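Chains as they are written, first to last, in numbering that gives the first Met the number 0: chain A, 0 to 206; chain B, 0 to 206.
To be clear, the hints were calculated from the coordinates, so they are not data collected in a lab.
All values reported here derive from a predicted model rather than from experimental measurement.
The beta-carbon is built from N, C-alpha and C at its ideal position, and this holds for glycine as well.
Keep in mind that the hints are not guaranteed to be accurate.
As the list claims (entries may be wrong) - If the Cβ cut is set under 10 Å, some of the chain A residues that face chain B in the computed set are:
#1 M78
#2 A149
#3 C186
Stated by the list, open to error - Here's a subset of chain B near chain A, in silico, CB distances under 8 Å, partners left out:
#4 V99
#5 L171
#6 A175
#7 I183
Claimed, not checked - Once the Cα atoms are required to be at most 20 Å apart in a straight line, the calculated DMTMM-like pairs of lysine to aspartate or glutamate come out as:
#8 A:K29 x A:E64
#9 B:K189 x B:E135
#10 B:K189 x B:D138
#11 A:K51 x A:E32
#12 A:K189 x B:D142
#13 B:K189 x A:D142
What follows is each chain in one-letter form.
2 protein chains.
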Amino acid sequence: MKQQRALRTRGALIRSAAETFERCGYVQAKLAEISSNAGVSVGALHFHFTNKAAVASTIEASAAEALRRAARAAQSPHMNALQRLTSVSHALAEELRGDVVARAGFHLSCHTRHRTGPDLRQEWYTCVQQLLAEAEAEDLLADHVRPEAATVSIVAATTGIEVLGDADPRWLSSAALTQFWRFILPCLAKPEVLGTVDPEFSSAPTA
Amino acid sequence: MKQQRALRTRGALIRSAAETFERCGYVQAKLAEISSNAGVSVGALHFHFTNKAAVASTIEASAAEALRRAARAAQSPHMNALQRLTSVSHALAEELRGDVVARAGFHLSCHTRHRTGPDLRQEWYTCVQQLLAEAEAEDLLADHVRPEAATVSIVAATTGIEVLGDADPRWLSSAALTQFWRFILPCLAKPEVLGTVDPEFSSAPTA
Numbered sequence: 000m001k002q003q004r005a006l007r008t009r010g011a012l013i014r015s016a017a018e019t020f021e022r023c024g025y026v027q028a029k030l031a032e033i034s035s036n037a038g039v040s041v042g043a044l045h046f047h048f049t050n051k052a053a054v055a056s057t058i059e060a061s062a063a064e065a066l067r068r069a070a071r072a073a074q075s076p077h078m079n080a081l082q083r084l085t086s087v088s089h090a091l092a093e094e095l096r097g098d099v100v101a102r103a104g105f106h107l108s109c110h111t112r113h114r115t116g117p118d119l120r121q122e123w124y125t126c127v128q129q130l131l132a133e134a135e136a137e138d139l140l141a142d143h144v145r146p147e148a149a150t151v152s153i154v155a156a157t158t159g160i161e162v163l164g165d166a167d168p169r170w171l172s173s174a175a176l177t178q179f180w181r182f183i184l185p186c187l188a189k190p191e192v193l194g195t196v197d198p199e200f201s202s203a204p205t206a
Numbered sequence: 000m001k002q003q004r005a006l007r008t009r010g011a012l013i014r015s016a017a018e019t020f021e022r023c024g025y026v027q028a029k030l031a032e033i034s035s036n037a038g039v040s041v042g043a044l045h046f047h048f049t050n051k052a053a054v055a056s057t058i059e060a061s062a063a064e065a066l067r068r069a070a071r072a073a074q075s076p077h078m079n080a081l082q083r084l085t086s087v088s089h090a091l092a093e094e095l096r097g098d099v100v101a102r103a104g105f106h107l108s109c110h111t112r113h114r115t116g117p118d119l120r121q122e123w124y125t126c127v128q129q130l131l132a133e134a135e136a137e138d139l140l141a142d143h144v145r146p147e148a149a150t151v152s153i154v155a156a157t158t159g160i161e162v163l164g165d166a167d168p169r170w171l172s173s174a175a176l177t178q179f180w181r182f183i184l185p186c187l188a189k190p191e192v193l194g195t196v197d198p199e200f201s202s203a204p205t206a
């Protein structure tokens, strides 16, 4: 019972810290505000975390898990590589839309100044690059497409969507992402492959 | 002579502030550091600027000018609207690559928390939207292209390039931007228009 309560408190602190980082920025976030919004004392916060950097590091780890969860969900052998690519992007957007901890972790991981763990944008780049290499191996790409240029363009656009979604949540919506894929797929996929890729499909496991 | 020196000092302070904001972030930037890196006293800084927000506001205004300069340079009547679109993006990337003040101003204008002036990303959105509407009116767009989806995709990708260029300057290079346009133009332009658009051309006036 006591352990369960400790876990609940820890979760509330992580969530409160993520909300505070998103609202005020990491630098200006105060431990007193984080603990009071979680309904506990600063002493209780210090029982779970040595300092602000330790909370941030836990939040980043949670965002890294969200990214890997999205990537795993897209590993289905029943989909071709382009469908895996579009659906991993939807799954990741869903993680970011639904979870302030994932969002805050992504933002922290992009500011080299505060980052403690892996660079999640770099990890996303590698994920897109890998899926496009598989798409090439599966002979899905239109003739003029160079996988490297496609990787740069898709990583740029999805990163832009993530960043713009920060100020205006409509950017991170399923509709905006679908609009992007509908526009880009005709220049990415061979004409005969186009019909096999659903630009709206998300591989995120429905909660 | 005295006035010239005052202008030089003001310029040095703006540049030093932009560098400090880029290195430490706006919140952590210290006036003492900004003035000492500009080779003057904090008193001299206060002669030109009331506070940190006033310097930031000047930097944002300078970034807004850079964006408008790039947009103006792309208004040539000798180019079709798609060529104007690709070349305004190159011109803007050149402004951002070459000038820490433009970069810092763009970043400041994107953080609603510190913003004092116009939202430059919104202004960029309007610029892209306008050029794509002109491209449609000039009958340059491929049949399946909806200008709204193209605007969303191109703004997302160029914003991503700007943000990623923050951590790794290669993203803001002319080569990366050209790679993006080479990939995207075949799905944007009518086949017979494609040959009339040079994905590398920049309308930036050579300094």
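Exercise for review: State the violated hints by number, sorted upward, taking the hints as numbered earlier in the document.
Suggested key: Result: hints 1, 4, 5, 8 break, sorted rising.
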